[in-house]
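Novice: Residue numbers (this note's numbering), protein chains in the order written: chain A, 1 to 109; chain B, 1001 to 1113.
It should be emphasised that the hints constitute simulated quantities derived from the structure, not laboratory data. Hints may contain errors.
Stated by the list, open to error - To list a few chain B residues with every Cβ distance to chain A over 10 angstroms, as calculated: (1) Gly1042; (2) Leu1045; (3) Thr1055; (4) Gln1102.
What the hints assert, rightly or not - Here are some of the chain A residues that sit facing chain B, going by a computed Cβ distance under 8 angstroms: (5) Pro7; (6) Ala16; (7) Phe29; (8) Pro43; (9) Phe45; (10) Tyr48; (11) Val50; (12) Gly69; (13) Tyr70; (14) Gly93; (15) Tyr95; (16) Lys96; (17) Leu97.
Where is the CB? At the ideal position from N, CA and C, for every residue including glycine.
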Amino acid sequence: GQNIDQPTEMTATEGAIVQINCTYQTSGFNGLFWYQQHAGEAPTFLSYNVLDGLEEKGRFSSFLSRSKGYSYLLLKELQMKDSASYLCAVRDGDYKLSFGAGTTVTVRA
Amino acid sequence: IAGITQAPTSQILAAGRSMTLRCTQDMRHNAMYWYRQDLGLGLRLIHYSNTAGTTGKGEVPDGYSVSRANTADFPLTLASAVPSQTSVYFCASSDSGGAYEQFFGPGTRLTVL
């Protein structure tokens, strides 16, 4: 099984940077995903890491260290529309995802 | 249809009644999934199907059943609903047996009284 931990809540100011950490303990690892979920909506895909290192996609970056069981999602130049929950998910060898409980990010003006 | 759809959007159900949540995708994805999302617990996998004609149990399968008669449809059935099944249910699909990211439907909010 998977044990995935991420902070419950984070607050940041518009224009700032926020880093959401995710640690995991897994019986099989085949990639790590980050999803964004606005209140009352479906999760949408943000990023994917399977090898160690940093993946950058515009204002969002995701980092993975497989040896440490650790990932983070970095949100730069925060905008009000970035207020949402961010879900860390680990994929196992059977291509099934296990999700963390999510981190609610609130962006203040 | 564009993407993945779910029906109904929301439902209030009396305990003991049966209910089928519908999920349809037009992306020709071979893998499909059902999750429930509860406050503080995140998304938990109920059942999945890697390809039409096959299904498997996820983390929380008790009280639920699924079928996969074709590529597009993946209905979830609650045979005899209980209040603990009150939740938001999301259907998702993925290409290549789950090798790529999962796309989620808009969800069904189910309340069992």
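Novice: Look at each hint and say if it fits the structure.
Specialist: Status of the hints after comparison with the structure:
1. Look at Gly1042/B: its CB is around 4 angstroms from the nearest CB on chain A, not clear of 10 angstroms, so calling it non-interface is violated.
2. Some Cβ of chain A comes within 10 angstroms of the Cβ of Leu1045/B; the nearest lies about 6 angstroms off, and the non-interface call is violated.
3. At the 10 angstroms boundary, the C-beta of Thr1055/B stays outside the reach of chain A, the nearest C-beta of that chain being 13 angstroms off.
4. With a least beta-carbon separation of about 7 angstroms from chain A, Gln1102/B fails to lie farther than 10 angstroms from that chain, contradicting its non-interface assignment.
5. This hint is violated: Pro7/A has a C-beta 13 angstroms from the nearest C-beta of chain B, more than the 8 angstroms allowed.
6. Evaluation of the Ala16/A hint against chain B yields a violated restraint, the C-beta minimum of about 26 angstroms exceeding 8 angstroms.
7. For Phe29/A, the suggested interface contact is broken, since its CB lies about 14 angstroms from the closest CB of chain B, more than 8 angstroms.
8. Checking Pro43/A against chain B by beta carbon gives a least distance of about 5 angstroms; that is within 8 angstroms, so the hint holds.
9. Among the interface hints, the one on Phe45/A holds; its C-beta lies about 4 angstroms from the nearest C-beta in chain B, closer than the 8 angstroms criterion.
10. Here the hint on Tyr48/A is kept, as its CB sits about 6 angstroms from the closest CB of chain B, short of 8 angstroms.
11. Given the 8 angstroms rule on beta carbons, the hint for Val50/A is violated: about 10 angstroms separates it from the nearest Cβ of chain B.
12. At about 17 angstroms, the closest approach between the beta carbon of Gly69/A and any beta carbon in chain B exceeds 8 angstroms, and the interface hint on this residue is violated.
13. Violation of the interface hint for Tyr70/A is found here, the shortest Cβ-Cβ separation to chain B being roughly 18 angstroms, above the 8 angstroms cut-off.
14. A least Cβ separation of about 11 angstroms between Gly93/A and chain B goes past the 8 angstroms threshold, and the interface hint is therefore violated.
15. The interface hint given for Tyr95/A is met, as the beta carbon of that residue sits about 3 angstroms from the closest beta carbon of chain B, less than 8 angstroms.
16. Look at Lys96/A: its Cβ gets to within about 6 angstroms of chain B, closer than 8 angstroms, so that hint holds up.
17. The beta carbon of Leu97/A comes within 7 angstroms of a beta carbon in chain B, closer than 8 angstroms, and the hint placing it at the interface holds.
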